[in-house]
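*Asks:* Note that the protein sequences, when read in sequence, are chains A and B.
So the first sequence is numbered by the working numbering: it starts at 1 and just counts up by one.
So the second sequence is numbered by the working numbering: it starts at 1 and just counts up by one.
Some clues are possibly wrong.
To be verified - Which chain B residues stay away from chain A? Per the calculated CB distances, all over 12 Å, these:
id	residue
1	D253
2	P287
3	Q395
4	C583
5	D687
6	D851
7	T853
8	I856
9	I857
10	G862
11	D864
12	I866
13	G874
14	K875
15	P876
As the list claims (entries may be wrong) - Calculated lysine-lysine pairs in the DSS-like style (CA-CA distance at most 25 Å, straight line):
id	chain 1	residue 1	chain 2	residue 2
16	B	K841	A	K68
17	A	K28	A	K43
18	A	K43	B	K124
None of these hints come from the bench; they were simulated from the model.
C-beta atoms are modelled at their ideal positions from N, C-alpha and C, and glycine is treated no differently.
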Amino acid sequence: MVSKMRKINVMEHELVPEHHLISEEEEKKLLQDLGTEKESLPKIKRNDPAIKMLERIYGPIRPGRVIKIIRKSPTSGKYIAYRVVTEE
Amino acid sequence: MMGDEIKKRINSLNFALLSPDEIRKMSAVKVTTADTYDEDGFPLDRGLMDLHMGVIEPGLRCKTCNGKVDECPGHFGHIELAMPVIHVGFVKEIKDILDATCNSCGRIKMKDEELEVYRPILEKTILNGEETLESTSIVNRIIDEAAQRTVCPHCGAEQYKITLDKPTTFRENGRKLSAKEIRERFERIPDKDLIFLGINPNSARPEWMILTVLPVPPVNVRPTITLETGERSEDDLTHKLVDIIRINQRLRDSKDSGAPQLIIEDLWELLQYHITTYFDNQTSGLPPARHRSGRPLKTLVQRLKGKEGRFRSNLSGKRVNFSARTVISPEPFLSINEVGVPEEAARELTVPIPVTPFNIEKLREIVRRGPNPKGEKYLPGANYVIKQNEKGMRQRILIMEKNAEEIANKLEPGWIVERQLMDGDVVLFNRQPSLHRMSMMAHRVRVMKHRTFRFNLAVCPPYNADFDGDEMNLHVLQSEEAKAEARILMAVQEHIRSPRFGGPIIGGVHDHITGMFMLTYMNPKFTKEETLHILSYVKYDKLPDPVIENGKEYYRGKDIFSLILPKDLNIEYKSKICDGTGCKECVFEKCPYDAYVMIKEGRLITGTIDEKSIGAFKGILLDKISRDYPPDVAAQFIDNFTRLAVGVISFRGFTTGIDDTDIPEETKIQVDLILNDAIEATKTYIDAYQRGILQPSPGKSPEETLEDNIMRVLSDAQKKAGEIASKHLGLENPSVIMARSGARASMLNLSQVAANIGQQAVRGRRINRGYLGRTLPHFRKGDLGAYAHGYVRSSYKKGLTPLEYFFHAMGGREGLVDTAVRTSRSGYMQRRLINALEDLKVTDNDGIVIDTTDNIIQFKYGEDGIDPTRSKGGKPVDFDSIFQKVLGERYLSAKRGGK
Numbered sequence: 001m002v003s004k005m006r007k008i009n010v011m012e013h014e015l016v017p018e019h020h021l022i023s024e025e026e027e028k029k030l031l032q033d034l035g036t037e038k039e040s041l042p043k044i045k046r047n048d049p050a051i052k053m054l055e056r057i058y059g060p061i062r063p064g065r066v067i068k069i070i071r072k073s074p075t076s077g078k079y080i081a082y083r084v085v086t087e088e
Numbered sequence: 001m002m003g004d005e006i007k008k009r010i011n012s013l014n015f016a017l018l019s020p021d022e023i024r025k026m027s028a029v030k031v032t033t034a035d036t037y038d039e040d041g042f043p044l045d046r047g048l049m050d051l052h053m054g055v056i057e058p059g060l061r062c063k064t065c066n067g068k069v070d071e072c073p074g075h076f077g078h079i080e081l082a083m084p085v086i087h088v089g090f091v092k093e094i095k096d097i098l099d100a101t102c103n104s105c106g107r108i109k110m111k112d113e114e115l116e117v118y119r120p121i122l123e124k125t126i127l128n129g130e131e132t133l134e135s136t137s138i139v140n141r142i143i144d145e146a147a148q149r150t151v152c153p154h155c156g157a158e159q160y161k162i163t164l165d166k167p168t169t170f171r172e173n174g175r176k177l178s179a180k181e182i183r184e185r186f187e188r189i190p191d192k193d194l195i196f197l198g199i200n201p202n203s204a205r206p207e208w209m210i211l212t213v214l215p216v217p218p219v220n221v222r223p224t225i226t227l228e229t230g231e232r233s234e235d236d237l238t239h240k241l242v243d244i245i246r247i248n249q250r251l252r253d254s255k256d257s258g259a260p261q262l263i264i265e266d267l268w269e270l271l272q273y274h275i276t277t278y279f280d281n282q283t284s285g286l287p288p289a290r291h292r293s294g295r296p297l298k299t300l301v302q303r304l305k306g307k308e309g310r311f312r313s314n315l316s317g318k319r320v321n322f323s324a325r326t327v328i329s330p331e332p333f334l335s336i337n338e339v340g341v342p343e344e345a346a347r348e349l350t351v352p353i354p355v356t357p358f359n360i361e362k363l364r365e366i367v368r369r370g371p372n373p374k375g376e377k378y379l380p381g382a383n384y385v386i387k388q389n390e391k392g393m394r395q396r397i398l399i400m401e402k403n404a405e406e407i408a409n410k411l412e413p414g415w416i417v418e419r420q421l422m423d424g425d426v427v428l429f430n431r432q433p434s435l436h437r438m439s440m441m442a443h444r445v446r447v448m449k450h451r452t453f454r455f456n457l458a459v460c461p462p463y464n465a466d467f468d469g470d471e472m473n474l475h476v477l478q479s480e481e482a483k484a485e486a487r488i489l490m491a492v493q494e495h496i497r498s499p500r501f502g503g504p505i506i507g508g509v510h511d512h513i514t515g516m517f518m519l520t521y522m523n524p525k526f527t528k529e530e531t532l533h534i535l536s537y538v539k540y541d542k543l544p545d546p547v548i549e550n551g552k553e554y555y556r557g558k559d560i561f562s563l564i565l566p567k568d569l570n571i572e573y574k575s576k577i578c579d580g581t582g583c584k585e586c587v588f589e590k591c592p593y594d595a596y597v598m599i600k601e602g603r604l605i606t607g608t609i610d611e612k613s614i615g616a617f618k619g620i621l622l623d624k625i626s627r628d629y630p631p632d633v634a635a636q637f638i639d640n641f642t643r644l645a646v647g648v649i650s651f652r653g654f655t656t657g658i659d660d661t662d663i664p665e666e667t668k669i670q671v672d673l674i675l676n677d678a679i680e681a682t683k684t685y686i687d688a689y690q691r692g693i694l695q696p697s698p699g700k701s702p703e704e705t706l707e708d709n710i711m712r713v714l715s716d717a718q719k720k721a722g723e724i725a726s727k728h729l730g731l732e733n734p735s736v737i738m739a740r741s742g743a744r745a746s747m748l749n750l751s752q753v754a755a756n757i758g759q760q761a762v763r764g765r766r767i768n769r770g771y772l773g774r775t776l777p778h779f780r781k782g783d784l785g786a787y788a789h790g791y792v793r794s795s796y797k798k799g800l801t802p803l804e805y806f807f808h809a810m811g812g813r814e815g816l817v818d819t820a821v822r823t824s825r826s827g828y829m830q831r832r833l834i835n836a837l838e839d840l841k842v843t844d845n846d847g848i849v850i851d852t853t854d855n856i857i858q859f860k861y862g863e864d865g866i867d868p869t870r871s872k873g874g875k876p877v878d879f880d881s882i883f884q885k886v887l888g889e890r891y892l893s894a895k896r897g898g899k
């Protein structure tokens with residue numbers, strides 16, 4: 001049943017925003033700019049389809065890495081959010 | 001100051017189960033008598049009102065602590081149950097534990113090595129009272145897994161399926177499990193297994209979820225009410241406890257006398273029922289226990305739950321002092337920043353003023369006046385003084401007429417005088433429902449005669465107030481900090497613009513718009529006397545230059561209006577009366593209808609001031625002034641135009657009546673012809689449909705196409721009839737002035753009065769309900785004609801036929817039902833939103849939105865970091881106005897030249 005379903009790349013869907021893995025230096029700078037700890041960032045589960053797609057590019061992404069999400073926004077045109085990867 | 005000294009600080013709270021021993025230990029008396037008072041009205045020993053459980057009657061003393069009514073905090077008692085009973089609050093947990101544990105050895109039905117891996121994580125969380133998402137999910141997984149096993153891995157005993165018969169009956173393989181058996185099973189569960197069930201063994205044992213002892217709450221919790229007649233009436237909880245004790249006693253007697261098992265079981269079940277309803281009288285599957293009068297009893301859960309429950313009514317909802325409520329009424333001569341307060345209210349409401357060497361004489365005079373100063377003019381007196389006595393205790397002294405003089409003389413720095421309200425005090429003014437922040441704004445007090453709160457009509461929109469009997473609340477600010485904060489953040493003038501849509505929410509309504517229209521439309525002339533009358537309420541520098549005609553001085557309406565405009569204002573736009581029809585091309589300031597507003601250097605050159613200039617929600621001029629000038633200038637402008645409008649409208653006079661909608665006979669005939677044609681057109685469509693030759697529109701069935709066509713033809717006819725009628729209703733007509741200027745009503749309303757009401761609809765379609773195949777018995781079955789489906793051909797003025805009237809009522813009813821449904825639904829939505837968002841905050845640094853534990857909710861407020869209040873209709877920058885300012889004429893001519 002499952003195998004019969006066509007695999008699709010979720011990132012190609014219009015409603016899925018851009019996801020980027022950011023480097024650890026960038027993480028440090030981001031947290032400094034925001035003046036917070038990593039724990040207070042919003043979370044994204046490791047088994048999120050978007051993370052799985054990123055893992056195809058970067059290899060395994062361990063919990064604690066930060067993902068940058070670029071969304072379309074009705075108010076500002078572009079809105080950048082960050083999420084920290086957590087365990088499943 | 002009081003309340004400053006912190007005695008104890010709560011570090012953590014620990015929730016646990018009460019063990020039977022603890023219940024007995026905290027009990028002051030074992031209650032055995034199912035009764036309250038003896039014949040003399042004295043509490044019975046070991047009864048439900050036993051004096052060991054506290055006192056509610058003055059004169060008696062508590063037998064436990066020897067305290068009097070206000071001193072004794074109340075003490076628990078207890079009831080020894082003859083048989084164990086299930087606690088309804090724990091039925092779910094009991095089911096889980098029964099499922100997960102072995103029926104003979106009491107271990108969790110999983111191997112130790114399967115379980116022990118989780119012990120470190122669970123001990124870290126559950127033993128510290130910190131349940132996490134992880135720990136609960138582990139526990140749930142263990143319970144699910146263990147429930148699947150059909151053989152106990154420890155003792156090898158066969159396991160059976162446990163089912164729950166709501167509310168409290170457990171069955172194993174169909175055989176009923178008694179509470180006693182369940183309790184025995186739970187007793188067998190070893191402490192070391194409890195953690196895997198999510199239970200902290202230091203604070204609870206599963207068998208404590210089965211009651212053997214019932215705590216009896218103190219009498220303070222369930223006081224006896226004595227009616228004026230001397231009759232006593234007991235609290236619902238007491239009634240319930242009486243039932244419990246009575247059945248408990250019968251159960252014990254039957255058990256002791258060796259009654260048949262069947263009788264014992266019946267009584268046991270009855271006891272279970274009473275104890276279940278004692279906790280929650282709305283348990284599904286059980287009939288609620290009722291009072292003798294038939295009213296369902298309010299038991300423990302009912303006391304806490306819902307809007308009238310302890311949490312929402314008593315803990316979240318607090319009542320306050322220093323507040324007042326009365327009917328509201330309009331007062332156009334108040335500033336938008338003011339509120340008129342009745343003298344009666346002002347005498348009750350007070351502001352605490354600390355006595356200093358600088359104000360002592362002034363305060364002496366105020367105190368000397370006492371609580372009820374005489375005299376025609378309102379002067380603030382004082383109701384209380386607060387002084388520190390020798391022991392450092394605060395003492396409130398009531399000022400009365402006889403001791404006022406004495407207290408005034410004794411006044412010294414350090415005391416506090418509770419002065420009555422006077423002009424200029426800052427108060428919060430509120431109208432429910434408080435749906436947005438503008439529902440509660442700070443006003444300055446003006447004490448006035450008569451008994452209503454009064455305010456400027458321009459402030460009606462933010463409160464959504466009218467004067468058909470609305471009441472509002474007023475709160476007097478007590479501390480200097482609160483007053484300063486309210487003045488800066490909550491003052492009315494700070495809320496002229498709404499964050500909801502980035503435009504003015506405070507602005508002209510109804511007569512303001514009519515008044516400004518009459519002042520400016522076609523620039524009327526006023527003599528000097530008239531001008532002075534109109535301007536008599538307005539602050540202005542000097543009269544404008546008059547125009548001289550036939551040797552007489554006249555003042556033009558637009559010049560009068562220009563007096564209240566800021567001197568450096570430049571703006572142009574189309575006004576409301578510009579309907580865009582009838583002009584081939586806009587000629588801007590040369591508009592023959594005077595519909596193009598042009599303001600240069602604070603002078604109104606052309607155009608009519610109407611809803612699109614000064615109206616609440618829509619005023620472009622108001623929008624400009626409130627954005628470009630400080631709030632006090634905007635407030636001043638609103639104050640001025642409201643007064644100016646009142647000046648004009650009271651000078652000119654303004655009235656409306658049914659004859660406003662009179663149209664000539666030949667026009668009526670024209671209207672008739674149009675409507676006849678429309679009816680004929682519907683008939684052709686129906687005929688075509690019945691002969692099956694109606695061409696369906698794409699994607700629609702023939703039926704739908706027919707409906708669409710009929711609706712369209714009739715509404716076109718209505719529009720056309722309205723247009724023809726409107727031709728005879730010019731801008732000299734008061735009703736038309738109101739409709740066209742946007743003050744009230746619309747041209748559609750007028751054409752419905754004058755010409756034709758049109759099709760009535762329910763749920764967006766022609767009326768189709770009633771009898772089989774027809775709306776009313778007056779029509780043939782299957783009649784598709786206009787009249788058979790709610791077409792109203794008459795006008796309001798002509799009057800409706802009975803059938804038309806009936807259909808019109810159907811259409812009208814839908815509107816009423818809609819609003820009723822909408823308000824309740826949106827109210828609940830609002831409540832959920834507020835609960836979700838109430839403690840989020842926008843940080844000073846970069847506008848990050850965080851919650852109380854500093855979690856980031858949004859990286860930039862609204863994703864763009866813009867305060868919508870200061871935006872232009874939601875957009876952060878008003879390019880149009882900037883270009884106009886920088887490029888001036890060049891930009892304007894480019895814009896007019898077509899983009």
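*Asks:* Does the alpha-carbon distance linking A:K43 and B:K124 stay inside the 25 Å limit?
*Replies:* 23 Å, holds
*Asks:* Please check whether the beta-carbon of B:D687 is more than 12 Å away from every beta-carbon in chain A.
*Replies:* 49 Å, holds
*Asks:* Far enough from chain A: is every CB of that chain over 12 Å from the CB of B:D864?
*Replies:* 3 Å, violated
*Asks:* Should the label of B:I856 as a non-interface residue stand, given a Cβ cut-off of 12 Å to chain A?
*Replies:* Incorrect as stated: the minimum Cβ-Cβ distance to chain A is 5 Å, not above 12 Å.
*Asks:* For B:P287, which was marked as not at the interface, is the minimum beta-carbon distance to chain A over 12 Å?
*Replies:* Holds, because the least Cβ-Cβ distance between B:P287 and chain A comes to about 47 Å, which exceeds 12 Å.
*Asks:* Say whether it holds or is violated: B:D253 keeps its Cβ farther than 12 Å from all Cβ of chain A.
*Replies:* 60 Å, holds
*Asks:* Over 12 Å to the closest beta carbon of chain A is the bar; see if B:I857 clears it.
*Replies:* 8 Å, violated
*Asks:* Can we trust that B:P876 is non-interface, i.e. its beta-carbon lies farther than 12 Å from all of chain A?
*Replies:* 8 Å, violated
*Asks:* Verify this label for me: B:G874 is non-interface relative to chain A, using a Cβ-Cβ cutoff of 12 Å.
*Replies:* 8 Å, violated
*Asks:* Once the closest CB in chain A is found, is it more than 12 Å from B:D851?
*Replies:* Its Cβ does come within 12 Å of chain A, the nearest being 9 Å, so this is violated.
*Asks:* Over 12 Å from every CB of chain A: does B:C583 meet that, or does the non-interface label fail?
*Replies:* 35 Å, holds
*Asks:* Since B:Q395 was said not to touch the interface, does its Cβ keep a gap of more than 12 Å from each Cβ of chain A?
*Replies:* Correct as stated: the minimum Cβ-Cβ distance to chain A is 49 Å, above 12 Å.
The structure does not agree with the numbered hints 6, 7, 8, 9, 10, 11, 12, 13, 14, 15 stated previously, though it agrees with the rest.
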